[in-house]
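Novice: Take a look at the letters that make up each chain.
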Amino acid sequence: QKEVEQNSGPLSVPEGAIASLNCTYSDRGSQSFFWYRQYSGKSPELIMFIYSNGDKEDGRFTAQLNKASQYVSLLIRDSQPSDSATYLCAVKVASKLTFGTGTRLQVTL
Amino acid sequence: NAGVTQTPKFRILKIGQSMTLQCTQDMNHNYMYWYRQDPGMGLKLIYYSVGAGITDKGEVPNGYNVSRSTTEDFPLRLELAAPSQTSVYFCASSWSGQPNTGELFFGEGSRLTVL
Numbered sequence: 001q002k003e004v005e006q007n008s009g010p011l012s013v014p015e016g017a018i019a020s021l022n023c024t025y026s027d028r029g030s031q032s033f034f035w036y037r038q039y040s041g042k043s044p045e046l047i048m049f050i051y052s053n054g055d056k057e058d059g060r061f062t063a064q065l066n067k068a069s070q071y072v073s074l075l076i077r078d079s080q081p082s083d084s085a086t087y088l089c090a091v092k093v094a095s096k097l098t099f100g101t102g103t104r105l106q107v108t109l
Numbered sequence: 001n002a003g004v005t006q007t008p009k010f011r012i013l014k015i016g017q018s019m020t021l022q023c024t025q026d027m028n029h030n031y032m033y034w035y036r037q038d039p040g041m042g043l044k045l046i047y048y049s050v051g052a053g054i055t056d057k058g059e060v061p062n063g064y065n066v067s068r069s070t071t072e073d074f075p076l077r078l079e080l081a082a083p084s085q086t087s088v089y090f091c092a093s094s095w096s097g098q099p100n101t102g103e104l105f106f107g108e109g110s111r112l113t114v115l
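The listed protein sequences derive, respectively, from chains Z and G. Reading the first sequence from the start, the letters are residues 1 to 109 in the numbering used here. Reading the second sequence from the start, the letters are residues 1 to 115 in the numbering used here.
Just so you know, these hints were derived from the structure itself, not from any lab. A few of these clues could be false.
Label-pair distances were calculated between CB atoms; the ranges are [claimed, not checked]:
{"hint": "1", "chain 1": "Z", "residue 1": "S82", "chain 2": "G", "residue 2": "N1", "range": "24 to 30 Å"}
{"hint": "2", "chain 1": "G", "residue 1": "K9", "chain 2": "Z", "residue 2": "D58", "range": "30 to 36 Å"}
{"hint": "3", "chain 1": "Z", "residue 1": "S69", "chain 2": "G", "residue 2": "T5", "range": "39 to 45 Å"}
Per the computed footprint, the stretches of chain G lying under chain Z, defined by three or more beta-carbons under 8 Å from a beta-carbon of chain Z, are [what the hints assert, rightly or not]:
{"hint": "4", "segment": "12–26"}
{"hint": "5", "segment": "66–80"}
{"hint": "6", "segment": "101–113"}
A virtual CB, placed ideally from N, CA and C, is assigned to each residue, including glycine.
Whole structure, please, built from the sequences with the hints as guidance.
Specialist: Spelled out as structure tokens, the structure:
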């Protein structure tokens with residue numbers, strides 16, 4: 001079982017719709033959870049992080065964490081073409097950050 | 001602040017050659033990391049360091065070596081390059097003090113091809 005699992009996609013959503021990205025992790029000792037966005041040929045950039053169970057909202061983005069079920073998700077409201085990118089889920093245990101393989105999101109006009 | 005700086009940005013190596021990827025950060029971060037990213041894949045941790053003089057293996061350390069003599073620098077050494085090491089390499093750093101978000105700050109990446 002992979003430590004961090006994501007559906008590779010592509011996930012295609014129309015402009016203005018909600019995109020839902022999911023991630024599961026195996027280590028119950030995981031302490032914090034991150035969503036990074038990576039445009040093609042660029043380095044990852046942090047979108048959100050979450051520590052506690054529940055929802056965390058930042059603008060059009062909402063991260064959701066359920067430690068009992070070991071999953072974390074990212075919702076993107078009012079999706080824009082500029083949101084088209086690969087979204088990497090990352091899980092932190094001690095000083096190490098482990099990444100999933102990423103989900104490619106395509107926002108269509 | 002320049003952030004995390006990696007050099008070179010591109011390099012082509014022949015099989016069996018060796019080289020060092022340089023990484024330096026000016027944010028006084030104590031944690032530093034080397035990841036590799038193969039096409040269409042996520043990032044795999046090669047080595048990491050929690051401070052000067054301290055390094056540890058990540059998920060895929062074979063064929064690589066690191067050192068951390070200063071807080072700022074974390075070079076990655078490739079010995080006897082193999083085609084399987086063709087990848088994009090990212091150096092990253094983070095701050096373990098307060099506030100500690102755990103956010104990684106990435107360099108722009110180094111694209112390495114081994115032929």
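Novice: Are the hints correct? Go through all of them and say.
Specialist: Each hint tested on the structure:
no., hint, verdict
1, S82(Z) with N1(G): 24 to 30 Å, "holds, 26 Å"
2, K9(G) with D58(Z): 30 to 36 Å, "holds, 31 Å"
3, S69(Z) with T5(G): 39 to 45 Å, "holds, 40 Å"
4, 12–26, "violated (count 0)"
5, 66–80, "violated (count 0)"
6, 101–113, "holds (count 8)"
In summary, the structure is inconsistent with hints 4, 5 from the numbered list given earlier, while agreeing with the others.
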